[in-house]
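Now for the letters of each chain:
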Amino acid sequence: EDKVVQSPLSLVVHEGDTVTLNCSYEVTNFRSLLWYKQEKKAPTFLFMLTSSGIEKKSGRLSSILDKKELFSILNITATQTGDSAIYLCAVAASSGSRLTFGEGTQLTVNP
Amino acid sequence: ETGVTQTPRHLVMGMTNKKSLKCEQHLGHNAMYWYKQSAKKPLELMFVYSLEERVENNSVPSRFSPECPNSSHLFLHLHTLQPEDSALYLCASSQDLSASTQYFGPGTRLTVL
Numbered sequence: 021e022d023k024v025v026q027s028p029l030s031l032v033v034h035e036g037d038t039v040t041l042n043c044s045y046e047v048t049n050f051r052s053l054l055w056y057k058q059e060k061k062a063p064t065f066l067f068m069l070t071s072s073g074i075e076k077k078s079g080r081l082s083s084i085l086d087k088k089e090l091f092s093i094l095n096i097t098a099t100q101t102g103d104s105a106i107y108l109c110a111v112a113a114s115s116g117s118r119l120t121f122g123e124g125t126q127l128t129v130n131p
Numbered sequence: 123e124t125g126v127t128q129t130p131r132h133l134v135m136g137m138t139n140k141k142s143l144k145c146e147q148h149l150g151h152n153a154m155y156w157y158k159q160s161a162k163k164p165l166e167l168m169f170v171y172s173l174e175e176r177v178e179n180n181s182v183p184s185r186f187s188p189e190c191p192n193s194s195h196l197f198l199h200l201h202t203l204q205p206e207d208s209a210l211y212l213c214a215s216s217q218d219l220s221a222s223t224q225y226f227g228p229g230t231r232l233t234v235l
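For the protein sequence lines, the chains are A and B, in the order given. Counting in our numbering, the first sequence runs from 21 upward without gaps. Counting in our numbering, the second sequence runs from 123 upward without gaps.
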């Protein structure tokens, strides 16, 4: 059974801090790993990672995948209160359409 | 705005009611999904449709009945639900089944009394 574990489950920081969110996975026939940000309702897509060692970057957010050790990290630098959200990690297998999600990390950024 | 809309946004229903959730995507995608999100649990995949055909039914109780009349619309018909079915129900779409990236709607917050 495919499995995704995220840590920490919750995190409280101050504006300006840098945070690192972790995602480890076990999946048969790995195809890709995705990060989503969920504020209030709809998860919004952040990154899709398929290759090890290649950093994806978008503004203050960046992510990297390690397919040997089966994990990914999501970094957020110079955090802002608007970064407060649940960050979801999901993995897709090459067989079928299923995305397996982790529980998410609840990030709270205080002013 | 992700191009996926859901109605209603909030729904309160009794255990004997029948109601339907609606999802519409304006992205020209061919695959659509229903997920259930309960507190402190990972997103659970319920149903997958590709070109209006159901391709996955993840052991969901029969009190949840999906319908996909065309590739842009997806419904979830609800009847005789239980209080433990209270959750956020999210619809998503992707270009096709081989595409990893799914785009989510805002969800329907369902409360079953």
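Please note that a few of the clues may not be correct.
A few chain A residues that don't get close to chain B, going by computed Cβ distances all over 10 Å [as the list claims (entries may be wrong)]: (1) SER44; (2) ARG51; (3) THR120; (4) PRO131.
Here are the simulated DSSO-like pairs of lysine-lysine, each with C-alpha atoms no more than 30 Å apart in a straight line [stated by the list, open to error]: (5) B:LYS163 with B:LYS140; (6) A:LYS60 with B:LYS163; (7) A:LYS76 with B:LYS144; (8) A:LYS88 with A:LYS76; (9) B:LYS163 with A:LYS88; (10) B:LYS158 with A:LYS76; (11) A:LYS88 with A:LYS23; (12) A:LYS61 with B:LYS140; (13) A:LYS88 with B:LYS144; (14) B:LYS162 with A:LYS61; (15) B:LYS162 with A:LYS76; (16) B:LYS163 with B:LYS141; (17) B:LYS158 with A:LYS61; (18) B:LYS158 with B:LYS141.
These are computed hints drawn from the structure, not numbers from a lab. Note that the Cβ used here is the ideal one computed from N, Cα and C, for glycine as well.
Hint check:
A cut-off of 10 Å between C-beta atoms confirms that A:SER44 is not in contact with chain B; the least separation is 14 Å. Not every Cβ of chain B is farther than 10 Å from the Cβ of A:ARG51; the closest lies at roughly 6 Å, contradicting the non-interface assignment. Here A:THR120 does not stay apart from chain B, with its beta-carbon only about 8 Å from theirs, under the 10 Å limit. Annotated as non-interface, A:PRO131 keeps its C-beta farther than 10 Å from every C-beta of chain B; the closest such distance is 26 Å.
Restraint check: the Cα-Cα separation between B:LYS163 and B:LYS140 comes to about 26 Å, which is no more than 30 Å; the hinted pair holds. Restraint check for A:LYS60 and B:LYS163: the C-alpha separation of about 16 Å stays at or below 30 Å, so the hint holds. Using a Cα cut-off of 30 Å, the hinted pair A:LYS76 and B:LYS144 is violated, with the two alpha carbons roughly 34 Å apart. Restraint check: the Cα-Cα separation between A:LYS88 and A:LYS76 comes to about 18 Å, which is no more than 30 Å; the hinted pair holds.
For the hint linking B:LYS163 to A:LYS88, the alpha-carbon distance of about 27 Å falls within 30 Å, and the restraint holds. Restraint check: the Cα-Cα separation between B:LYS158 and A:LYS76 comes to about 29 Å, which is no more than 30 Å; the hinted pair holds. The hinted pair formed by A:LYS88 and A:LYS23 meets the criterion: a straight-line CA distance of about 16 Å does not exceed 30 Å. Between A:LYS61 and B:LYS140 the alpha-carbon distance is near 24 Å, which keeps this suggested pair within the 30 Å criterion.
Of the pairs offered as hints, the one joining A:LYS88 and B:LYS144 is violated, with about 41 Å between alpha carbons and a cut-off of 30 Å exceeded. Restraint check: the Cα-Cα separation between B:LYS162 and A:LYS61 comes to about 15 Å, which is no more than 30 Å; the hinted pair holds. Restraint check: the Cα-Cα separation between B:LYS162 and A:LYS76 comes to about 28 Å, which is no more than 30 Å; the hinted pair holds. For the hint pairing B:LYS163 with B:LYS141, the CA-to-CA distance comes to about 24 Å; that is within 30 Å, so the pair holds.
Taking the CA atoms of B:LYS158 and A:LYS61, the gap is about 12 Å. The hint holds against a cut of 30 Å. The straight-line distance between the Cα atoms of B:LYS158 and B:LYS141 is roughly 16 Å, inside the 30 Å bound, and the hint therefore holds.
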